[in-house]
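Participant: Read top to bottom, the protein sequences are chains X and V.
Residues 6 to 214 (the working numbering) are what the first sequence spells out, left to right.
Residues 658 to 715 (the working numbering) are what the second sequence spells out, left to right.
Check the hints yourself; a few may be wrong.
To give a feel for the contact side, a few chain X residues facing chain V, derived at Cβ under 8 Å [as the list claims (entries may be wrong)]:
1) Gln-56
2) Val-66
3) Thr-101
Calculated directly from the structure, the hints in this document are not laboratory data.
Note that the Cβ used here is the ideal one computed from N, Cα and C, for glycine as well.
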Amino acid sequence: MFWAFSIVRILVAEIGCVPEEKGIFRLHLFSAVPLALVAFALVMSGAIETQWPVVLGALSVHGIYSVSFLELWSLSQGGYSLSIVERAAEAPVCATAKACVAQRNRRRETGQPLGGIALFAANRGWVPGIVLTPAGRLCYFFFRAIALGGKSAIPGLTSIADRPWTNRQSVTSMPPKVTACLFGFWVFDRRPWSAHVVMSHRFIAEEHS
Amino acid sequence: MKFVLAGGTGGLSLGLHAFLRHQADAEVASGLLVYALACEFYVFLFSMVSSSIRSLFF
Chain X
6 MFWAFSIVRI LVAEIGCVPE EKGIFRLHLF SAVPLALVAF ALVMSGAIET QWPVVLGALS
66 VHGIYSVSFL ELWSLSQGGY SLSIVERAAE APVCATAKAC VAQRNRRRET GQPLGGIALF
126 AANRGWVPGI VLTPAGRLCY FFFRAIALGG KSAIPGLTSI ADRPWTNRQS VTSMPPKVTA
186 CLFGFWVFDR RPWSAHVVMS HRFIAEEHS
Chain V
658 MKFVLAGGTG GLSLGLHAFL RHQADAEVAS GLLVYALACE FYVFLFSMVS SSIRSLFF
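Start from the sequences, fold in the hints, and give me the full structure.
Facilitator: If you want it as structure tokens, here you go:
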């Protein structure tokens, strides 16, 4: 379930289109309805010796998968942490971080996602009022290391201190969409009442000053 | 958290009762899967409603 959801989010980010909830719902509906019809037809026709409990169990498995998928999808779309990331992407960055500001403006002009650059700035403490927690910083470095392969996200910021996972002085590179996508999934929710408390680690915190 | 406790207790009770009556067969597995689907659907609806109310206030 988790991996299926992650793969879909990655594909969505790579393809560049963001399907609506209606489309995701239809995707599951169009697989559940044929499954039910085929199972019903097979049992009623006597073509196979499948019993009704088996059919009911198979439909239940599909239902659990679909409902869980839709739930994760809707939570990730409206998650609290994702809204913080969006707000960080629009927040003013410290004037001293000129390279970061330039990169963000360039990405905004070209219509690219700003989540990755916003998290980069938040991790460096350049976004007033928003910081990454220790768990969020660890997660950020992990996914950034995978996505960038040791390359720097921002031209001009290529010190080894920025890249604890490599000793190479890197060339410039744009943060890929996958980074923001994966991280967006991991930080999406922190509501303590939810049954998803397992995934509700506090990756991002707001400073109340 | 309360639902996890209540739902888990109910699931264990159902599984125990079904196992004692039918041993481990397709009907027991099917019943537990239907129960799990009902629990998941409840959590889904609960999350949606809570999110909607939350969005009104914040």
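Participant: Which earlier hints can't be squared with this structure?
Facilitator: Of the numbered hints given earlier, the structure breaks just one, which is hint 3.
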